[in-house]
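Work out the full structure: start from the sequences and follow the hints.
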Amino acid sequence: MPHRCVKCGREYRTNECEILKGCRECGGKKFIFVPLVEREIEPKHPEDVAIREEKKPKEEENTDIIPVTDYNRLESIRIVSPGTYELNIEKLAGSDERVVGVGKGEGSYLVDLLSMVRPKKKKNRK
Amino acid sequence: MNILVQTKKRLSKFLKAFFQKKRARIGIYGPPNAGKTTLANHIAKDWTGEDVGPVSEIPHETRRAVRKTDISITGSNGSNITIDIVDTPGVTTKIDYKDFLEYGIDKETAVTRAREATEGVAEAMHWLREDINGVIYMLDATEDPFLQVNIMMIGIIESRKLPVIIVANKIDLPDAAPQRIRSAFPQHPMVSISCLEGKNIEELYEKMVEHFG
Numbered sequence: 825m826p827h828r829c830v831k832c833g834r835e836y837r838t839n840e841c842e843i844l845k846g847c848r849e850c851g852g853k854k855f856i857f858v859p860l861v862e863r864e865i866e867p868k869h870p871e872d873v874a875i876r877e878e879k880k881p882k883e884e885e886n887t888d889i890i891p892v893t894d895y896n897r898l899e900s901i902r903i904v905s906p907g908t909y910e911l912n913i914e915k916l917a918g919s920d921e922r923v924v925g926v927g928k929g930e931g932s933y934l935v936d937l938l939s940m941v942r943p944k945k946k947k948n949r950k
Numbered sequence: 012m013n014i015l016v017q018t019k020k021r022l023s024k025f026l027k028a029f030f031q032k033k034r035a036r037i038g039i040y041g042p043p044n045a046g047k048t049t050l051a052n053h054i055a056k057d058w059t060g061e062d063v064g065p066v067s068e069i070p071h072e073t074r075r076a077v078r079k080t081d082i083s084i085t086g087s088n089g090s091n092i093t094i095d096i097v098d099t100p101g102v103t104t105k106i107d108y109k110d111f112l113e114y115g116i117d118k119e120t121a122v123t124r125a126r127e128a129t130e131g132v133a134e135a136m137h138w139l140r141e142d143i144n145g146v147i148y149m150l151d152a153t154e155d156p157f158l159q160v161n162i163m164m165i166g167i168i169e170s171r172k173l174p175v176i177i178v179a180n181k182i183d184l185p186d187a188a189p190q191r192i193r194s195a196f197p198q199h200p201m202v203s204i205s206c207l208e209g210k211n212i213e214e215l216y217e218k219m220v221e222h223f224g
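Going down the list, the sequences are from chains A and B. Numbered according to our numbering, the first sequence spans residues 825 to 950. Numbered according to our numbering, the second sequence spans residues 12 to 224.
No wet-lab data here; the hints were simulated from the structure. As the structure is a prediction and not an experimental result, all values here were calculated from the model. A hint or two may mislead.
[Stated by the list, open to error] If the Cβ cut is set under 8 angstroms, some of the chain B residues that face chain A in the computed set are:
no. : residue
1   : N13
2   : L15
3   : T104
4   : R126
5   : A133
6   : L139
7   : L207
8   : K210
9   : I212
10  : L215
[Claimed, not checked] Not close to chain B: a few residues of chain A, all C-beta gaps over 10 angstroms, as computed:
no. : residue
11  : C841
12  : E842
13  : R848
14  : V858
[Said to hold, decoys possible] Below, simulated EDC-like cross-link-like pairs (lysine to aspartate or glutamate); rule was C-alpha separation at most 16 angstroms, straight line:
no. : chain 1 : residue 1 : chain 2 : residue 2
15  : B       : K105      : A       : E921
16  : B       : K118      : B       : D107
17  : A       : K928      : B       : E119
18  : A       : K845      : A       : E835
19  : A       : K853      : A       : E842
20  : B       : K105      : A       : E849
21  : A       : K831      : A       : E849
22  : B       : K172      : B       : D142
23  : B       : K79       : B       : E119
24  : A       : K928      : B       : D107
25  : B       : K56       : B       : D183
26  : B       : K79       : B       : D95
27  : B       : K118      : A       : E930
28  : B       : K56       : B       : E72
29  : B       : K109      : A       : E842
30  : A       : K854      : A       : E842
31  : B       : K79       : B       : E61
32  : B       : K210      : B       : E169
33  : A       : K854      : A       : E835
34  : B       : K79       : B       : D57
35  : B       : K210      : B       : E61
36  : A       : K915      : B       : E208
37  : B       : K105      : A       : D936
38  : B       : K56       : B       : E169
Glycine is no exception: its CB is placed at the ideal position from the N, C-alpha and C atoms.
If you want it as structure tokens, here you go:
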């Protein structure tokens, strides 16, 4: 299984029993298990790290996500992009009606009609 | 003497409030651009001489529900109904400001229109949930009636046990196919009309007196 030395960051691939003796580079005895998904995302070379760091600010500029400051928003859920959502907690807590905003800006909505005709829930009285 | 007249008036008002039959509120529902406001204007103009709201070729022109009260309709057999007509915003499940841009509206106005239209859908559904006693479901006869929103709306109206008349509008257009609408909702009475030309409106009034009376 893939492991990484906590001290120097050197990675050891599957079935390398030598980590039992300690890290070849620094002699460290502590290793961390690296899941495969994380390994795919992480760059292999230090140069890649530098490139990624340079790219990061540009990506942030491009995303142009509107901060959730407008509390008068119509939608209870906004799909900013596939897999990225903004939840309007105030709206979700206040009513069962579901209006879903699509995209980063305003102006595109999906409406759940059935949620708008359901009778209001009765409050539990103790 | 004056006190006596006043007391009589008050008493008659009080008795009216108790014993007068509550007027039925008829909601005109349907997808955007089906001709709901044109029909509401036609009905109001025929029986009260007034208009209800402005019409436009741009979808979602009506973004707030408009009520016209005390419309008295008389059928050919002499029977009469007094109703309130509620012209509702077009009901749809998807509203995108980009759809308005093609009508020459600038982006900012289109975004506002989309927001108001979404609020309008919510308002229309509130009316249906709380205050409507009968429905005229209006469809454009040139469009496909087998849309999810139409099936869902008719289902909601049926589940609330509200009387409904299906209206196939725009039969003056060459590609109108009212028969398709009849086959989509055979369980409900249907009238084919042209609001613009005033064709078959009398038949709709007869159906209204029959079903909402």
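Here is what the structure says about each hint:
| no. | hint | in the structure |
| --- | --- | --- |
| 1 | N13 | 48 angstroms, violated |
| 2 | L15 | 47 angstroms, violated |
| 3 | T104 | 5 angstroms, holds |
| 4 | R126 | 6 angstroms, holds |
| 5 | A133 | 6 angstroms, holds |
| 6 | L139 | 6 angstroms, holds |
| 7 | L207 | 28 angstroms, violated |
| 8 | K210 | 31 angstroms, violated |
| 9 | I212 | 29 angstroms, violated |
| 10 | L215 | 26 angstroms, violated |
| 11 | C841 | 59 angstroms, holds |
| 12 | E842 | 60 angstroms, holds |
| 13 | R848 | 59 angstroms, holds |
| 14 | V858 | 44 angstroms, holds |
| 15 | B/K105 - A/E921 | 15 angstroms, holds |
| 16 | B/K118 - B/D107 | 11 angstroms, holds |
| 17 | A/K928 - B/E119 | 15 angstroms, holds |
| 18 | A/K845 - A/E835 | 15 angstroms, holds |
| 19 | A/K853 - A/E842 | 11 angstroms, holds |
| 20 | B/K105 - A/E849 | 60 angstroms, violated |
| 21 | A/K831 - A/E849 | 10 angstroms, holds |
| 22 | B/K172 - B/D142 | 13 angstroms, holds |
| 23 | B/K79 - B/E119 | 31 angstroms, violated |
| 24 | A/K928 - B/D107 | 13 angstroms, holds |
| 25 | B/K56 - B/D183 | 21 angstroms, violated |
| 26 | B/K79 - B/D95 | 6 angstroms, holds |
| 27 | B/K118 - A/E930 | 11 angstroms, holds |
| 28 | B/K56 - B/E72 | 19 angstroms, violated |
| 29 | B/K109 - A/E842 | 62 angstroms, violated |
| 30 | A/K854 - A/E842 | 13 angstroms, holds |
| 31 | B/K79 - B/E61 | 9 angstroms, holds |
| 32 | B/K210 - B/E169 | 28 angstroms, violated |
| 33 | A/K854 - A/E835 | 12 angstroms, holds |
| 34 | B/K79 - B/D57 | 13 angstroms, holds |
| 35 | B/K210 - B/E61 | 20 angstroms, violated |
| 36 | A/K915 - B/E208 | 45 angstroms, violated |
| 37 | B/K105 - A/D936 | 9 angstroms, holds |
| 38 | B/K56 - B/E169 | 30 angstroms, violated |
When each numbered hint is compared with the structure, violations occur for hints 1, 2, 7, 8, 9, 10, 20, 23, 25, 28, 29, 32, 35, 36, 38.
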